[in-house]
Amino acid sequence: MPHAPAKRQKREEYKNSLHTDEQNAALPKKKFYRQRAHANPFSDHSLAYPRSPADMDWATLYPAYAVEGESQQASEAVEESTPADDEVQRKIKAISKNIEVADIGCGFGGLLFALAPKFPDTLILGMEIRTSVTEYVQEKTRALRAQNASTNGYQNVSCIRANTMKFLPNFFHKSQLSRIFLCFPDPHFKQRKHKARIVSYTLNSEYAYVLRPGGIVYTITDVQDLHEWMKEHFEKHPSFERVEKVFEEGEGEGGAGMDECVRVMRTETEEGKKVERNKGLKFVACFRRVEDPAWP
Amino acid sequence: MAFPYQCLVARSETSPDSHSWILVGASGSKLVTQSSNGATSVWPQEESNVMDDHNDEQEPPGKRIKLSPPKEQKANFSSLVLSSDGKHLVGVTGEDKCIRVFQVGSGSCLQQLSERCMSRRPSSITLTDDDTTILCADKFGDVYALPLLPSPDEERPATPVVAEPAEEKVEGKEFTPSATVLTVHSGRNRKTLEEQLKKKAKGLLKTKEAITFKHDLLLGHVSMLTDLAYVRMHGRGYIITADRDEHIRISRGPPQAHIIEGFCFGHQEFISRLCLTKSGFLISGGGDAQLRVWDFLKFKLLATFPIRDTALAYLKARPELSPLGEDEANFKVAVSGIWAVRSSSDDVNEVLVACEGIPALFVFNLEPSSSGTCIPLQGNPLDVAFVQLSQGSWTAIVAIDNIHKPCSTTETRDDKDAPRLQHFSRPIPTGSQWHEDTSLREVLGSFAKEGSKLGVEGADAGATETSSPKSAGDKALRDILYNVENLRKRPGAED
Ligand SMILES: C[S@@+](CC[C@H](N)C(=O)[O-])C[C@H]1O[C@@H](n2cnc3c(N)ncnc32)[C@H](O)[C@@H]1O
Chain A
1 MPHAPAKRQK REEYKNSLHT DEQNAALPKK KFYRQRAHAN PFSDHSLAYP RSPADMDWAT
61 LYPAYAVEGE SQQASEAVEE STPADDEVQR KIKAISKNIE VADIGCGFGG LLFALAPKFP
121 DTLILGMEIR TSVTEYVQEK TRALRAQNAS TNGYQNVSCI RANTMKFLPN FFHKSQLSRI
181 FLCFPDPHFK QRKHKARIVS YTLNSEYAYV LRPGGIVYTI TDVQDLHEWM KEHFEKHPSF
241 ERVEKVFEEG EGEGGAGMDE CVRVMRTETE EGKKVERNKG LKFVACFRRV EDPAWP
Chain B
1 MAFPYQCLVA RSETSPDSHS WILVGASGSK LVTQSSNGAT SVWPQEESNV MDDHNDEQEP
61 PGKRIKLSPP KEQKANFSSL VLSSDGKHLV GVTGEDKCIR VFQVGSGSCL QQLSERCMSR
121 RPSSITLTDD DTTILCADKF GDVYALPLLP SPDEERPATP VVAEPAEEKV EGKEFTPSAT
181 VLTVHSGRNR KTLEEQLKKK AKGLLKTKEA ITFKHDLLLG HVSMLTDLAY VRMHGRGYII
241 TADRDEHIRI SRGPPQAHII EGFCFGHQEF ISRLCLTKSG FLISGGGDAQ LRVWDFLKFK
301 LLATFPIRDT ALAYLKARPE LSPLGEDEAN FKVAVSGIWA VRSSSDDVNE VLVACEGIPA
361 LFVFNLEPSS SGTCIPLQGN PLDVAFVQLS QGSWTAIVAI DNIHKPCSTT ETRDDKDAPR
421 LQHFSRPIPT GSQWHEDTSL REVLGSFAKE GSKLGVEGAD AGATETSSPK SAGDKALRDI
481 LYNVENLRKR PGAED
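Keeping their order, the protein sequence lines are chains A and B. Here the UniProt record's numbering is used: position 9 in the first sequence is 9, and no number is missing along the way. Here the UniProt record's numbering is used: position 405 in the second sequence is 405, and no number is missing along the way.
Honestly, the hints are just simulated from the structure, not real lab data. Don't take each hint at face value.
What the hints assert, rightly or not - Taking lysine-lysine and the DSSO-like style, the derived pairs with C-alpha atoms no more than 30 angstroms apart in a straight line are:
| no. | chain 1 | residue 1 | chain 2 | residue 2 |
| --- | --- | --- | --- | --- |
| 1 | A | K236 | B | K214 |
| 2 | A | K193 | B | K139 |
| 3 | B | K97 | A | K190 |
| 4 | B | K300 | A | K93 |
| 5 | B | K298 | A | K93 |
| 6 | B | K278 | A | K174 |
| 7 | A | K231 | B | K214 |
| 8 | A | K93 | A | K174 |
| 9 | A | K93 | A | K15 |
| 10 | A | K193 | B | K278 |
| 11 | B | K214 | A | K190 |
| 12 | A | K97 | B | K332 |
| 13 | A | K97 | B | K139 |
| 14 | B | K332 | B | K489 |
| 15 | B | K214 | A | K193 |
| 16 | B | K139 | A | K190 |
| 17 | B | K489 | A | K174 |
| 18 | A | K93 | B | K278 |
| 19 | A | K193 | A | K231 |
Generate the whole structure from the sequences, applying the supplied hints.
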């Protein structure tokens with residue numbers, strides 16, 4: 001959807017103004033970052049993505065965790081064609097910790113900013129396909145970090161633009177993550193668009209690949225059909241089992257025993273809030289990554 | 001003039017006192033078979049050209065026998081695979097997305113046992129090492145397993161599926177609208193839902209014809225799959241898949257194909273071909289300047305082969321062929337074939353490589369590593385198959401594009417007598433140069449002439465000798481032979 005020139009100009013002026021010093025800690029305004037709701041996960045977006053997880057520049061995203069002099073494990077042997085200073089570059093890019101939590105299709109990042117203070121020692125990454133939505137989350141991260149400089153708050157959260165349906169394994173090693181969030185995914189109602197859904201039997205193999213055994217995939221949606229779909233596709237995948245009911249719902253009025261992240265996910269995502277306001281239903285389903293069986 | 005062989009496969013069998021082989025080529029929509037005993041046959045059979053049919057007593061095990069030739073069959077073959085026991089041939093015809101299984105009879109006659117049309121166009125097929133299962137990778141990114149010989153009781157009943165497209169595995173559900181009234185929707189989603197409800201009321205929700213044969217979804221990429229391989233190493237089966245988004249994925253073989261073991265990362269352009277050598281090295285190529293050699297069990301890059309520079313050097317040495325001009329810096333290759341050289345010795349890790357629209361094969365060796373040599377050809381290579389003529393002596397049979405000019409994928413050639421096959425062998429299996437070997441020329445005399453006739457049923461793509469080079473028929477014909485460079489991404493697409 002081409003923006004009217006006036007609108008585009010306004011946006012640019014606004015974004016530039018955010019970067020002047022005195023504005024440094026101002027939170028960005030969502031209205032300047034809205035974007036058409038659906039991005040096509042099949043098309044060749046001009047996306048930037050690392051050639052492999054070892055090639056990812058994490059230090060720029062998590063500067064407080066940057067490490068010099070310690071190299072990340074390179075994904076491939078150095079070949080003749082790659083210059084020797086590739087090694088050096090990788091050292092600069094390394095961070096002292098691995099990302100452990102991914103919010104896939106994070107939207108405007110409500111969940112990220114709620115999780116970050118709750119898990120201050122865990123690196124959390126939002127992944128979002130829409131450019132300006134990603135930009136919004138990045139600006140907000142910058143502002144929150146500046147506002148919380150004294151406590152080093154929000155240094156553990158960041159966001160990148162990515163088409164996770166194609167490139168998830170480019171970002172994470174096998175068994176790297178402990179939690180993946182799939183909150184209010186686009187429902188893609190049309191039958192012929194079902195392969196565009198972010199959950200499917202075949203994509204679940206990729207979630208299983210980046211998750212460690214015992215790790216959890218969290219799903220929540222207000223669309224019952226999509227809920228059934230996600231349940232079905234995870235339940236038939238041998239790498240996953242549904243968690244216990246108390247994990248998703250807790251017990252009694254206060255929901256005792258409910259997983260901390262489920263609690264946050266139910267209330268803190270933008271979509272979740274919208275559903276709340278409209279008094280709609282929310283369907284939660286979480287799945288645990290089981291150990292791989294022995295080879296046959 | 002006959003359409004070139006776009007696919008070639010061969011199998012050789014050696015016993016202490018004899019060497020036999022069979023060669024199958026696909027020329028447009030036709031299959032031509034030749035065996036070492038000299039017999040040639042064509043599928044589908046032409047009425048005027050009745051073959052000796054002395055293998056009636058060999059009833060195939062499958063029940064879904066359709067005697068060849070079936071009704072008008074005009075789709076062109078895009079891949080061929082011979083089972084390791086040589087008893088079956090699997091072919092894919094592109095336009096109708098069909099997987100066809102043939103019994104290879106004595107006298108090299110082909111009899112079609114089954115045709116199974118997939119809902120997405122297969123891009124690559126292979127067989128598991130026990131010859132029981134066809135693995136089919138499609139343009140939509142999925143890999144399905146199909147029994148080579150469908151057993152009748154495994155067939156699913158052909159009940160119409162309501163509102164589920166054929167590729168969906170969830171079947172038989174009564175259609176219910178996709179959301180409840182309580183749910184929040186964007187304007188667009190609400191519209192879709194309303195339309196669904198309206199259509200339901202009118203009974204209009206149409207569905208594709210459901211697939212009724214057994215086909216199990218094993219794994220999938222959200223990308224176009226370009227090649228797949230099955231290999232058994234140290235008793236474990238692996239499925240290796242390559243896609244247009246630079247991924248090489250290593251999965252376990254069935255029944256654990258849902259487990260991803262890892263990825264071989266490094267390509268920066270599309271991958272188009274995978275090749276496994278006898279000793280288990282994986283070689284991959286596509287739109288990049290280099291081929292990559294992998295220890296795929298460790299996901300580790302072992303070496304690269306400079307295919308672009310080797311091809312460029314070859315073209316520069318033959319200015320009469322190449323339209324290179326000033327554009328050397330922008331010169332790119334698209335790898336259209338990688339073939340592990342067959343040899344009687346185990347330690348040969350040599351491959352022949354073809355690049356789309358370049359009239360040569362490039363030879364690379366892993367150990368001792370070589371920087372690449374060339375086998376010049378009289379036309380663009382389309383496929384390669386190896387046959388063993390005698391103990392220790394393997395010949396490479398190369399299918400040549402006899403329609404287009406060498407170095408061009410669009411211009412038709414002026415000479416009408418260009419060869420459709422060339423043959424190469426080496427005096428010593430390792431280390432020596434490949435040279436043209438004419439000893440097979442006579443044996444393959446009729447094989448070299450058979451196939452779809454251009455301008456008659458003309459590759460069934462409608463190209464005729466008289467049509468202008470820019471005709472639609474020529475384009476269809478070109479698409480059968482040259483479809484690799486098309487995989488290159490064009491940046492600046494939708495954002
Ligand atoms: C309905 S929104 C939900 C946003 C957020 N999770 C929430 O609950 O508020 C779904 C988001 O997923 C993003 N998305 C869709 N496909 C994606 C893909 N393949 N990779 C990354 N993000 C994707 C969309 O751009 C959109 O922002």
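Tested hints:
1. A:K236 <-> B:K214: holds, 18 angstroms
2. A:K193 <-> B:K139: holds, 16 angstroms
3. B:K97 <-> A:K190: holds, 24 angstroms
4. B:K300 <-> A:K93: Distance of about 21 angstroms is within 30 angstroms: holds.
5. B:K298 <-> A:K93: Roughly 24 angstroms between the alpha carbons, so the hint for K298 (chain B) and K93 (chain A) holds.
6. B:K278 <-> A:K174: Given pair K278 (chain B), K174 (chain A) holds - Cα atoms ~28 angstroms apart, limit 30 angstroms.
7. A:K231 <-> B:K214: OK: K231 (chain A) and K214 (chain B) at ~24 angstroms, within 30 angstroms.
8. A:K93 <-> A:K174: The hint holds at about 19 angstroms.
9. A:K93 <-> A:K15: Holds. K93 (chain A) to K15 (chain A) sits at ~27 angstroms (cutoff 30 angstroms).
10. A:K193 <-> B:K278: Between K193 (chain A) and K278 (chain B) the Cα gap is close to 41 angstroms, so the pair fails against 30 angstroms, i.e. violated.
11. B:K214 <-> A:K190: holds, 26 angstroms
12. A:K97 <-> B:K332: Roughly 40 angstroms between the alpha carbons, so the hint for K97 (chain A) and K332 (chain B) is violated.
13. A:K97 <-> B:K139: violated, 38 angstroms
14. B:K332 <-> B:K489: OK: K332 (chain B) and K489 (chain B) at ~13 angstroms, within 30 angstroms.
15. B:K214 <-> A:K193: This hinted pair holds, its Cα atoms lying about 24 angstroms apart.
16. B:K139 <-> A:K190: Since the Cα atoms of K139 (chain B) and K190 (chain A) sit roughly 20 angstroms apart, the hinted pair holds (cutoff 30 angstroms).
17. B:K489 <-> A:K174: At roughly 27 angstroms apart (the allowed maximum being 30 angstroms), K174 (chain A) and K489 (chain B) satisfy the hint.
18. A:K93 <-> B:K278: Since the Cα atoms of K93 (chain A) and K278 (chain B) sit roughly 39 angstroms apart, the hinted pair is violated (cutoff 30 angstroms).
19. A:K193 <-> A:K231: Holds. K193 (chain A) to K231 (chain A) sits at ~18 angstroms (cutoff 30 angstroms).
In this structure, the earlier hints numbered 10, 12, 13, 18 are contradicted, and the remaining ones agree with it.
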